[in-house]
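J.: Assemble the whole structure, with the sequences as input and the hints as a guide.
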Amino acid sequence: MNELSSRYVDTIAINRIIDTKLSKVSHNPNQSLFKFIEGNAFEDIDNINSENLEVKYFRDDNFEKLIFKSPICTAYSENDYVSVIVYDTTDAIGNVVFVHGLYEDNLSIYQFLITMLNKMGLNVYVMMLPYHYDRLPEQSAFSGEYFWSADVARSQWAIKQAVYDLYATYNIVKDKSSLPICITGFSMGGCISLLLASVRKDIDNLFVINSVSILSKLTWESKLLVNIKNELCNYGYCLEDIQRAMVDFEPLSRQNNYLFEKSIALGYGLYDQIILQEDYQYLISNMKFNQVYEYSAGHLNILRVPKLANDILKTFSHIEK
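For the sequence shown, position 82 (counting from the first letter as 1) is numbered 82 according to full-length UniProt numbering, and the numbering increases by one without interruption.
Mixed in with the good hints there might be a few duds.
Simulated DEER-style distance windows between Cβ atoms [as the list claims (entries may be wrong)]:
#1 Gly236 with Glu278: 26 to 32 Å
#2 Glu261 with Glu43: 17 to 23 Å
#3 Thr90 with Phe260: 43 to 49 Å
#4 Thr90 with Cys233: 49 to 55 Å
#5 Asp134 with Cys233: 32 to 38 Å
#6 Phe58 with Thr90: 17 to 23 Å
List time: in silico DSBU-like cross-link candidates among lysine-lysine, alpha-carbon distance up to 35 Å [said to hold, decoys possible]:
#7 Lys217 with Lys201
#8 Lys262 with Lys307
#9 Lys69 with Lys314
#10 Lys176 with Lys201
#11 Lys65 with Lys160
#12 Lys217 with Lys314
#13 Lys176 with Lys229
#14 Lys24 with Lys65
#15 Lys262 with Lys65
#16 Lys160 with Lys56
#17 Lys35 with Lys56
#18 Lys35 with Lys229
#19 Lys35 with Lys201
#20 Lys314 with Lys223
#21 Lys217 with Lys35
#22 Lys35 with Lys24
#23 Lys288 with Lys201
#24 Lys21 with Lys160
#25 Lys176 with Lys160
#26 Lys65 with Lys21
Hints listed in this document are in silico derivations from the structure and should not be mistaken for laboratory results.
None of the values given here were measured: they were computed from a predicted structure.
Backbone N, C-alpha and C fix where the C-beta goes; we use that ideal spot for every residue, glycine too.
T.: Right, here's the structure in full:
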C-alpha cells in the first residue's frame, strides 16, 4: 500500500469519528452507574461454561448468526446479549474467531479479509464487542460510545465483558467443531485477544492485527481519543489515574501472565496513524512473538493487504494443506 494514501485514509477516519461522534457526546467519570473494579478483574472466568449460555442459532442466505447471553450483565439490556456472525466455507480446515475494532459501525471493512480466509478453508466467527453494532444501548449515540469513554469504571467493565464474551465464544466454537481455532483480533480486538490469552492458559493460538497494547497510553496519546483525554482532565484525572485504573486490564501488566507461553503472531502497519509505532515496538520487545509481520499499510487499509490472510493461515501450519 502507498504510504501517503495509507496515512490519508487513517486521518480521514480519525477526523470523521471525532467530528461526527466523539465531539458530540460527553461522559462524567464521577457519575458512573458502575463501580470501579479493583484487584483481579478476571478471577471468576473459570465459571464460564458453554453449556449454560443458551446459544440460539439463526440463518439467512448469506451467513449464520449465533446469539447468547453474556456472562456479564450490565445496566443496559441491549448489551447483555452477544451476537456472533458466522462466515463458513466448504471443506474447512480451521476456525478463526475474529474480534473487531473500537467505534466501528460497518462490518464491510472486513469483507475482503473474510472472503480471502474463506477461500483458504477457514470459517470465520466475528464476535461483536460490548456496546457495538446490535449491542448498542437505546440511549447511546453511536457504536462503541459506551465501550471507551471518560466513564472509566464503565470502560473497565466493558473490557472485562469483552474478555468474558470472547472466552465464551471460543468455547462455543470449540464445542461446535473439532477443527483448530485461531483467535484473531484487530486494533481494540487485538488487545482483548491478548488479554484473554494472558488470563487463560488454554488459549494458545492468536494472530493480532494493529493491536492496542497499552490502554492508558492510547487514551492519553492517540489522536483519536483527544476528546476523551480532555474530558478526563476537566474532571481532574491525570495519566497516572488512568494507569492505576487500567493496570489489571493491560495485557503485559498482569501478574501470573500466560502470554509468554503462547503461539502468537503480530501483524502491524508501518504507516498506522492511530497506534504509535513505539507502541508496536513495545509489544515486540516485551513479548516472544512466534512471528512479526510488517505491512506497508495504515491502520485501516491493512485489512485489504492480500498477504494478511495467508499469514493468518500460517498459524494453522500444523495442518496438512
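J.: Hints first: check each against the structure and report whether it holds.
T.: Hints and how they fare:
For Gly236 and Glu278, the Cβ-Cβ distance of about 28 Å falls inside the hinted range of 26 to 32 Å, so the restraint holds. Range check, Glu261 to Glu43: Cβ separation about 20 Å, and the 17 to 23 Å hint holds. Restraint check, Thr90 to Phe260: a C-beta distance of roughly 37 Å breaks the suggested window 43 to 49 Å. A hinted range of 49 to 55 Å holds for the C-beta pair Thr90 and Cys233, which are about 54 Å apart.
Taking the beta carbon of each, Asp134 and Cys233 are about 33 Å apart, inside 32 to 38 Å as hinted. The hint said 17 to 23 Å for the Cβ distance between Phe58 and Thr90, and at roughly 20 Å that hint holds. Note on Lys217 and Lys201: the hinted pairing holds, with a Cα-Cα distance of about 27 Å set against a maximum of 35 Å. Among the hinted pairs, Lys262 with Lys307 is consistent with the structure: their alpha-carbon atoms are about 23 Å apart, no more than 35 Å.
Only pairs whose Cα atoms come within 35 Å are accepted, and Lys69 paired with Lys314 is accepted, the gap being roughly 33 Å. Only pairs whose Cα atoms come within 35 Å are accepted, and Lys176 paired with Lys201 is accepted, the gap being roughly 21 Å. Distance hint between Lys65 and Lys160 is fulfilled; the C-alpha atoms sit about 23 Å from each other, no more than 35 Å. Our distance criterion of 35 Å between C-alpha atoms is met by Lys217 and Lys314, whose separation comes to about 31 Å.
Only pairs whose Cα atoms come within 35 Å are accepted, and Lys176 paired with Lys229 is rejected, the gap being roughly 42 Å. Annotation: proposed proximity of Lys24 to Lys65 holds, straight-line Cα distance about 32 Å (limit 35 Å). A distance of roughly 29 Å separates the Cα atoms of Lys262 and Lys65; the hinted pair therefore holds under the 35 Å criterion. Using a Cα cut-off of 35 Å, the hinted pair Lys160 and Lys56 holds, with the two alpha carbons roughly 23 Å apart.
Simply put, Lys35 and Lys56 have alpha-carbon atoms about 31 Å apart, close enough for the 35 Å limit, and the pair holds. Distance check on the hinted pair: Lys35 and Lys229 sit about 20 Å apart at the alpha-carbon level, within 35 Å; holds. Taken as a hint, the Lys35 and Lys201 pair is honoured in the structure, with Cα atoms around 28 Å apart against an allowance of 35 Å. Note on Lys314 and Lys223: the hinted pairing holds, with a Cα-Cα distance of about 33 Å set against a maximum of 35 Å.
For the hint pairing Lys217 with Lys35, the CA-to-CA distance comes to about 22 Å; that is within 35 Å, so the pair holds. A distance of roughly 25 Å separates the Cα atoms of Lys35 and Lys24; the hinted pair therefore holds under the 35 Å criterion. Pair hint Lys288 plus Lys201 holds up; C-alpha atoms about 16 Å apart against a cutoff of 35 Å. Restraint check for Lys21 and Lys160: the C-alpha separation of about 24 Å stays at or below 35 Å, so the hint holds.
This hinted pair checks out: Lys176 and Lys160 have alpha carbons roughly 24 Å apart, not beyond 35 Å. For a cut-off of 35 Å, the pair hint linking Lys65 to Lys21 stands: about 28 Å separates their Cα positions.
In this structure, the earlier hints numbered 3, 13 are contradicted, and the remaining ones agree with it.
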